[in-house]
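*Asks:* Chain residues, written in single-letter form:
2 protein chains.
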Amino acid sequence: MNNKYFNKKIILSNYPVGLSKKDDFSVVTEEIDPLNDNDILIKTKYVGIDAALRLLLRDSDDFLFRVKKDDLIRGSIVGEVIESKNPKFSDGEYVLGSLGVQKYCVSTGEDIEKCDLNLANPEFWLSGMGIPGLTAYFSLLDVCKPSPDKNVLITGAAGAVGSIAGQIAKLAGSKVIGTTSSDEKCKWLIDELGYDYAINYKNKDWFEKLSSVSDKRLDIIFDNTGGQVMDESLKIIGMKGIVLLCGSTSQYSENEIKGPNNYIWLGTMRARLQGFVIFDYEDRYEEARINLSKWLNEEKLKMPTHLVEGDIDKFPEIFEDLYKGKNYGKFVLKLKD
Amino acid sequence: MNNKYFNKKIILSNYPVGLSKKDDFSVVTEEIDPLNDNDILIKTKYVGIDAALRLLLRDSDDFLFRVKKDDLIRGSIVGEVIESKNPKFSDGEYVLGSLGVQKYCVSTGEDIEKCDLNLANPEFWLSGMGIPGLTAYFSLLDVCKPSPDKNVLITGAAGAVGSIAGQIAKLAGSKVIGTTSSDEKCKWLIDELGYDYAINYKNKDWFEKLSSVSDKRLDIIFDNTGGQVMDESLKIIGMKGIVLLCGSTSQYSENEIKGPNNYIWLGTMRARLQGFVIFDYEDRYEEARINLSKWLNEEKLKMPTHLVEGDIDKFPEIFEDLYKGKNYGKFVLKLKD
Chain E
1 MNNKYFNKKI
11 ILSNYPVGLS
21 KKDDFSVVTE
31 EIDPLNDNDI
41 LIKTKYVGID
51 AALRLLLRDS
61 DDFLFRVKKD
71 DLIRGSIVGE
81 VIESKNPKFS
91 DGEYVLGSLG
101 VQKYCVSTGE
111 DIEKCDLNLA
121 NPEFWLSGMG
131 IPGLTAYFSL
141 LDVCKPSPDK
151 NVLITGAAGA
161 VGSIAGQIAK
171 LAGSKVIGTT
181 SSDEKCKWLI
191 DELGYDYAIN
201 YKNKDWFEKL
211 SSVSDKRLDI
221 IFDNTGGQVM
231 DESLKIIGMK
241 GIVLLCGSTS
251 QYSENEIKGP
261 NNYIWLGTMR
271 ARLQGFVIFD
281 YEDRYEEARI
291 NLSKWLNEEK
301 LKMPTHLVEG
311 DIDKFPEIFE
321 DLYKGKNYGK
331 FVLKLKD
Chain S
338 MNNKYFNKKI
348 ILSNYPVGLS
358 KKDDFSVVTE
368 EIDPLNDNDI
378 LIKTKYVGID
388 AALRLLLRDS
398 DDFLFRVKKD
408 DLIRGSIVGE
418 VIESKNPKFS
428 DGEYVLGSLG
438 VQKYCVSTGE
448 DIEKCDLNLA
458 NPEFWLSGMG
468 IPGLTAYFSL
478 LDVCKPSPDK
488 NVLITGAAGA
498 VGSIAGQIAK
508 LAGSKVIGTT
518 SSDEKCKWLI
528 DELGYDYAIN
538 YKNKDWFEKL
548 SSVSDKRLDI
558 IFDNTGGQVM
568 DESLKIIGMK
578 GIVLLCGSTS
588 QYSENEIKGP
598 NNYIWLGTMR
608 ARLQGFVIFD
618 YEDRYEEARI
628 NLSKWLNEEK
638 LKMPTHLVEG
648 DIDKFPEIFE
658 DLYKGKNYGK
668 FVLKLKD
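Residue numbers (the numbering used here), protein chains in the order written: chain E, 1 to 337; chain S, 338 to 674.
Misleading hints may appear alongside valid ones.
[As the list claims (entries may be wrong)] With a cut-off of at most 30 Å between alpha-carbon atoms, the simulated DSSO-like pairs for lysine-lysine come out as follows:
{"#": "1", "chain 1": "E", "residue 1": "Lys235", "chain 2": "S", "residue 2": "Lys572"}
{"#": "2", "chain 1": "S", "residue 1": "Lys572", "chain 2": "E", "residue 2": "Lys258"}
{"#": "3", "chain 1": "S", "residue 1": "Lys595", "chain 2": "E", "residue 2": "Lys202"}
{"#": "4", "chain 1": "S", "residue 1": "Lys405", "chain 2": "E", "residue 2": "Lys240"}
{"#": "5", "chain 1": "S", "residue 1": "Lys577", "chain 2": "E", "residue 2": "Lys235"}
{"#": "6", "chain 1": "S", "residue 1": "Lys541", "chain 2": "E", "residue 2": "Lys258"}
Hint data in this document are derived by calculation from the structure and do not stem from the laboratory.
Please model the entire structure based on the sequences and the hints provided.
*Replies:* Shown next as C-alpha cells:
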C-alpha cells in the first residue's frame, strides 16, 4: 500500500433509549493497516440505513448478534475496490457487503459480492438489488405466493422492503393495500408505485378504512412493522392466510416489545405467522437479481432509493430520520468524495 | 312418542367475569315436543366439558360463534337413541354430536355420528375418539410431523388434547416435554402417559428447567394454553420450528387477551405460529379413529377420560374445576340414570 488511508468509522457509544440520538454514536478515526495477502481495500460509496439495526442496539442479551458499546455499527455498503491483493478482485470494481458503517473496509473477499453495474446502478444494490429487494422477492414469491384473487396488505409500505414488496404483489395481479405514516407517502404509494390503496395509520379511522377497502378478508399480511397495525389487521386475516414476519420496526425502540394480542384469530382462520430470513436463499440471489433487473429495465419495477449525500458522520442523523418515517424507500447515505 | 320427556338444559344466565361461577348458568326444564319425521330423540349419557367454551362466553362480538345470554350452553355429548323417526338410526344406538349441555336432544341426524362401540367405549368418543383425539392426531401427524430427532413441548399437557398429543409424539419417537399446573399431574404425565419430562409451570424456575431438559431448541411447541408459558417458550423455538395453535386456555377468562411478546423469535428462527381447526379434516375422521382405536386396544395409547358422575346441573361446577386444572385428561360428566 503506497498511500496512507485514514478510516472513519461509526461506533456505538450509548445504548439508545427510545429513538436513537446523535450522541448514541461516535466517530473513530484510525489508520488502515497495510494489506495482507488476499486483502481488498474498499472505499465506501453508499451506506444502507437499516431499520433492523435498532433491535441489535438494545442493552439486552435477549437477541442474537447484538452490537455492544464501542462496536462498529453494522450495515451494508456498496464500495469501490481501490487496492487488491486478491486475484479475484480488481481496482475499480464495485462490491457489496455487510461491512459496517465506515469510510474504508478491508475484506478478504469472502464477505463481499461483486455488483454487476450492467444489471443496475450501484445505489440499487442496497435497495432493489440488495437485501430489501431480495427479501421482498423470495418472501412473497416463494412463501406468500400472491395471485390475482388475493388481497395483500403491506405494513410499512413505503419502507425499503415494503416499497418493493407492494410492486411485486401488483405484478402478480393481487389487490395491494399499504399502510404508512403520512398522507404524502400514501399519495406516493399510489401514484408512483401502483398500490391500489394506501392508508395513513396515524388517522383514527385507519382500521375502518382498511376493512372497507379490502372488501374481503386479507390473504396475505406482509408485515414490516408489528405493533398495533399488524395486531388489529389480524382480526381480518383470511382463511389459511399468511402473516409474513419481515420486520417489527414499530417495536425495536420500545422498552418492552409487544406481541399481537389478536393472535388467536390465526387459530380460527387456520392462518399462520411465518418467520423469514433472507439468508436461507443465498444460492438463489443471482436468479432473483436477473429478474429484478429485468423488471427494472422494462420499467415494471421501481427501486425506490432515498439518497442523502454527506460524510460518514451523517449516519446517526439519517438513522434517526428513518425512525421518524422520513424515507421513501431505502434510505441510503451517499458518501461525498 | 308414547312417553312424555322432560328435558333439563343448561343456559347462560350471566357473562362470566374471570373464572365462571355456578350462578353464571341456569337450568331450564321443558317438555320435549313430539318428534317430526326424521327426528331422533337422544338421551344424553356423557357430556364433554370443553375449555374452548369459555372464549365463547365473553360479552364481546370479537369472536365468532359466541353464546349469548339465555342460549343453550354448547358442548359435545354422547347419548343413546331412545326413539327414532329416522330410518338411519335405531333405538339403542350410541351417537356423538355437538348437541349442547342438556339431558335430551332432538336431532334430524345431520349433526350426529354413530359411535362404533367395537372400536372404543362410549366415554372415549368424547376424548381419544372424539374432537380432542382427532385434533391431536391430525395436528401432530399432518401438520407438526414429529420424528425421533425432534424435541416436542406440549403446553397444557394433562388436558384433553395434550394428554393424547404427548402420547402420539412419543409413538413417533420424539422427545416429549409437558407443562402442567401441579406436581401430581407431572408425575401422572411421566408415569402413566410416558412423557420424558414434565414441568410444573407454577414453579418459579420452570423456564430454566425447560431449557435444561430440552438440551437443544424446541422443534415443535404444541400449544394448548397460550399466555406466559407459550410466550417464554418462543425464546427457545428451533430453526424452522412450529408452534401449533391448538388452544389458548390461559387467556379465555382474562379481561384482555395477551399475545406472545416474544413472537419476533419466530422471525429469527424462520419458525411459524400455525392455526389449526379440526373441522378441516372431517372426511378423514374414520381413518384416524381406526388407528386411534388400534393403538388403544394394543395398549400403545391411553385415552385419559376424567369421569365425574352427576346430574346435568353439575355442569357449572365441573366447568369451574376444569379452569382450576383439576382434570386428568378430558373432563366428562357422566349422567346418572
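*Asks:* Against this structure, judge whether each hint is valid.
*Replies:* Hints, one by one, checked against the model:
Among the hinted pairs, Lys235/E with Lys572/S is consistent with the structure: their alpha-carbon atoms are about 25 Å apart, no more than 30 Å. Distance check on the hinted pair: Lys572/S and Lys258/E sit about 14 Å apart at the alpha-carbon level, within 30 Å; holds. Our distance criterion of 30 Å between C-alpha atoms is met by Lys595/S and Lys202/E, whose separation comes to about 23 Å. Note on Lys405/S and Lys240/E: the hinted pairing holds, with a Cα-Cα distance of about 28 Å set against a maximum of 30 Å.
With a CA separation close to 25 Å, the supplied pair Lys577/S and Lys235/E stays within the 30 Å bound. The suggested pairing of Lys541/S with Lys258/E holds, with an alpha-carbon distance near 23 Å, which does not exceed 30 Å.
Of the numbered hints listed earlier, not one is contradicted by the structure.
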